[in-house]
Amino acid sequence: MSVRATAARRNLHRIIVSHGGVIALLFAAQFVIGAYYHLSLTRVMVLATFAVGYNILFGYTGLLSLGHALFFGAGLYGAGIAATQFGVGASGAFVVGIAAGLLLAFALGLIILRTAGVAFMIVTMMFAQAGYLLVLYFGTYTRGDEGFVLKGALREAHLFGFSLNLADPVTRYNLALFLLAACVVGCIALVRSPVGRVLVAIRENEERSRMLGYNTFRYKLFALTLSGTICATAGAAYALLFAYVGATFASIEYSILPLLWVLLGGIGTVLGPVVGTLLMFYLVDVASSYTSAYMLVVGIVLLILIVWAPGGLLGTLRERKIGWLP
Amino acid sequence: MSLLATRGLTRFFGGLRAVGDVDFDLPAGQIRAIIGPNGAGKTTFVSLVCGRIAPSEGRILFEDRDITSLPPYRRVAMGIAYTFQITSIFGNLTVYENVALAVQNALQRDHDAFFRIDAREMDRRCEEALDRVGLPDRADTKAATLPYGHQRLLEVAMGLALSPKLLILDEPTQGLSDHEIEGFCTLIRAIAEQATILLIEHNMDVVMELAERITVFNNGTILSEGSPAEIRADVQVQKAYLGG
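Protein sequence lines correspond, in order, to chains A and V. The opening position of the first sequence corresponds to residue 1093 in our numbering, with each subsequent residue numbered one higher. The opening position of the second sequence corresponds to residue 18 in our numbering, with each subsequent residue numbered one higher.
With the rest of the complex left out, here is chain V (with noise of 0.2 angstroms):
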């Protein structure tokens, strides 16, 4: 069974189609790459399937129900989580107050806490997802002075922390150092025991390291897919993409 398949599924923008006509299935437990040309729909395909955009036309089915008309905090509440390309933290509060805010969202879908929680629950599952990514020591930082590798993971953090069953993390290698994407592999296969991952992501050697299936963009369509091996000796890939 599919964790995550769409039918159809095309997003324009004015007179561009930035999505055309995308049959992709996901099935659960695997670590699956996007990867394209700047351009390809990457993005947007990923936008469509968390919510943050409508599409134009098509299906979107997460655990074989159609999400496709759902607001994103009912996906959310489903267990899809979103990180984003662009870091996108609460950069005025603290390091906790960010994660405390992905918590508190996991917590309400369990209970129903609209004023009041559990605030032991709440420190130890904070503690837990910045231990995770490793930023234990800076819960009481403003976000925004952290180093931007540190806020990266600290996106991580927040996805991590709404406990999902799909985490979508939209190139979140860009701008860390070799050292920091060491770890952050190690990280992702450790989070790959419980969630599904999709991972957008430029950087070849973290793809064919991690991915246990690719899916190429080009387009707006899907151009091929197939294990890291096939993908690589693919010749219309290469063309489109590898510089081959």
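This is chain A alone, in the form it adopts within the complex (with noise of 0.2 angstroms):
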């Protein structure tokens, strides 16, 4: 076997161990913790998802959408009004929320792709805009900023004859940890794959991947279709779990809220979403117990961030010492 071939398995051999080590560590965490810790983990690792699916996007391919937060409203809201309006149940809401964001994102791309960079950056964040005023404007089925809840028979999910009670926290932990734990793993797939090679090819220099053949449009457009569906997911499952669908979850807030994670965590990196997710959820949390001006404090770690690690946690890791991190 070549020096590269053993290498390419050694490094294998560590991503598996490191990113299941993690999974296996969300696993037990649920033994350990109390309810509170319980409730905002699952709801952590829900956001978290989100977090994967725009660093797709943003950390692979290069593209900074600042309107994410409307895939994730597609999702959201796509399974709250299935839920409640068109009575599919919760497992076909799901799959309604997940098939908005997916169709939402392949539309949309073949428009905002046309701009890149700054201007890349403005459509994104308009039609996230136009999104979350659709959903205050057809109030009468959103409920506006209001929102509404998910009750009843929606609690519960039939699927290939399980029946699973969404209110129940041991459940709802273990699916959104499944869910994450599924993107973790398709999101290494993916950039160890050809297309992956391809995406970081085109965030590091367009014109060169052009000129080596590569259509990059329909690169990009995978790359937004695949985000926008797993953050459409995130939402689906976060409406489902959680009973809540808001317009808060469309506002500009939500679009931001996934970019800070992924530059916490780590740009370009598997776990770094996860990461920082995890962190800034819990930042947030404690700061607020002490003070009122918690967002003081998270600007001021993101500003010693941007100072002394820019690539993010993990992504400073990787350049200065394991290189092999995915």
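Worth double-checking, as some hints may not be accurate.
Counterexamples of contact, computed for chain V against chain A with all Cβ distances above 10 angstroms [to be verified]:
no., residue
1, 85
2, 114
3, 175
Which residues of chain A face chain V? A partial, calculated answer using Cβ under 7 angstroms [said to hold, decoys possible]:
no., residue
4, 1095
5, 1096
6, 1235
7, 1293
8, 1296
9, 1297
10, 1300
11, 1304
12, 1305
13, 1306
14, 1307
Hints in this document: simulated from the structure, not taken from any laboratory. Just so it is clear, the structure is predicted and the values come from calculations on it, not from any experiment. A virtual CB, placed ideally from N, CA and C, is assigned to each residue, including glycine.
Got two chains here, each in a separate frame; can you build the complex from them with the hints?
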């Protein structure tokens, strides 16, 4: 076996052990933490899935979107409205939410990928704001700012003859973990695949990628569609697991948050978004128990990060120590 | 039969005619040099050929097929490879990854390899390309940390790894040492056994040594074309370019 093949195999081992380890740790955590952390960690894992999806576009393909709340919102409202208005049941609603994000990302991609750089940021933000305003405008169905809750039979998911109680904390925790784990594994597979190689190439130098024979538009459309779909999946899961659908989740705040989570945890790393979401969530949590100016604490942490670890925690770690990290 | 032909090829930048009404023919198997003073339209011309920019008027034919409106990726698939004048490698990636991106494209042409690729074939072709340009032991180096001359060689390796029929080299020896230039000439002659080569070059020693025919550009049009000896003797060319 060649030196390269041996090294590749060793790296694969390390990746499986480290990423599997984090997932195992999250699984084990549910047996030792209290009820409060049990619930908040469930929430964090769903939001981390959102961040993993965002990172595919931002971290790997190099396209900075300021409008991913649109896709999270599409999943959230797609699932929420399908469940409450069309009676498709929880599993059906989940599928509708994912499909809504997929179609929206694909159709929107055909338009917004004609722009790049700052124009792309502005266009994504505008579409997301349009989406947010639509939610408010169709208040009859969405209940606008106030939102609506899922109750009764919608707290039960039926799948392949199994019945899951979505109101049960243990079920909820493990569903969120399963979702996150699936996305992490999928993301590893993606970035190690030929497609992932081209996405990174587009991030590093799009013009060169074009002249190496790649249809970069098609690759970017693929990345955006996949990213939007994962974010919508997180949104749909959020609606179904926490039984609440509200306009806040489609607002600009939820476009900025995944960006911050990814920046904090590590741009273009599979686990970075997970680490970032976890840290940011509990940073806000802890800081807000001491001061009402908790956003100041977040700001200072981000400033420190930008100065000393511009690649985010895992991004910087990869640069300095562990080059094999995907 | 011409491998590459252009008819009435024209490109305006605003009011400036960078390339004007160029009829150009390149037979398969030749090493052709394009020379001319700065701003003569050489880079614009080859950029039109490889699809980086679109022509204002005229047609481009490759193997008798009209490729004028084809996007770059379709042209690469047909066998046109372009290496940049200003070194344009993936600085943050390793040398191996740089070449792998080119090899992957060549492999995807033959097989449907969107999600999976034959790792062994990939390794073999990457090693081969790096071997040929003389960078085999630098595979795991970050490309940006290579010395400039090696970065130019990496560009050529990426072009080679695309398995092109036509390899366009835009001032490949710029910034190379005399010793490196010597190795480069040997390399080009070896590549020319499998591919046709279109070379923009300022170094007249390199041009005279490598080119079978020379096309002289001036003010966006072809001023003259001929064998190295003919070009050397051409009075017009001397006036425009060789400082005679």
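(message) Would the hint on residue 1095 of chain A be counted as holding, given a Cβ-Cβ threshold of 7 angstroms to chain V?
(response) violated (9 angstroms)
(request) With 10 angstroms as the threshold, tell me whether residue 175 of chain V passes as away from chain A on beta-carbon distances. (result) violated (7 angstroms)
(message) Does residue 1297 of chain A hold up as a contact with chain V if the rule is Cβ-Cβ below 7 angstroms?
(response) holds (6 angstroms)
(message) Given a cut of 7 angstroms on the nearest C-beta pair, is the interface hint for residue 1293 of chain A held or broken against chain V?
(response) With a minimum Cβ separation of about 5 angstroms from chain V (threshold 7 angstroms), the hint on residue 1293 of chain A holds.
(request) Let me know if the C-beta of residue 1096 of chain A comes in closer than 7 angstroms to any C-beta of chain V, holds or violated. (result) holds (6 angstroms)
(request) For the hint on residue 1300 of chain A, just tell me whether its beta-carbon gets within less than 7 angstroms of chain V. (result) holds (5 angstroms)
(message) Less than 7 angstroms between beta-carbons is the criterion; does residue 1296 of chain A satisfy it with respect to chain V?
(response) For residue 1296 of chain A, the interface hint holds, since the closest Cβ of chain V sits about 5 angstroms away, which is under 7 angstroms.
(message) Hint residue 1306 of chain A vs chain V: min CB-CB distance below 7 angstroms?
(response) At 6 angstroms from the nearest chain V Cβ, residue 1306 of chain A passes the 7 angstroms test, so the hint holds.
(request) Please verify that hint: residue 1307 of chain A, Cβ, nearest Cβ of chain V, below 7 angstroms or not. (result) holds (5 angstroms)
(request) Verify the interface restraint on residue 1304 of chain A: the C-beta must sit less than 7 angstroms from at least one C-beta of chain V. (result) holds (5 angstroms)
(message) If I take the minimum Cβ distance from residue 114 of chain V to any residue of chain A, is it greater than 10 angstroms?
(response) violated (7 angstroms)
(request) Grab the minimum C-beta distance from residue 1235 of chain A to chain V and call the hint holds if it beats 7 angstroms, violated otherwise. (result) violated (42 angstroms)
Taken one by one, the earlier hints fail for this structure at numbers 2, 3, 4, 6, listed in ascending order.
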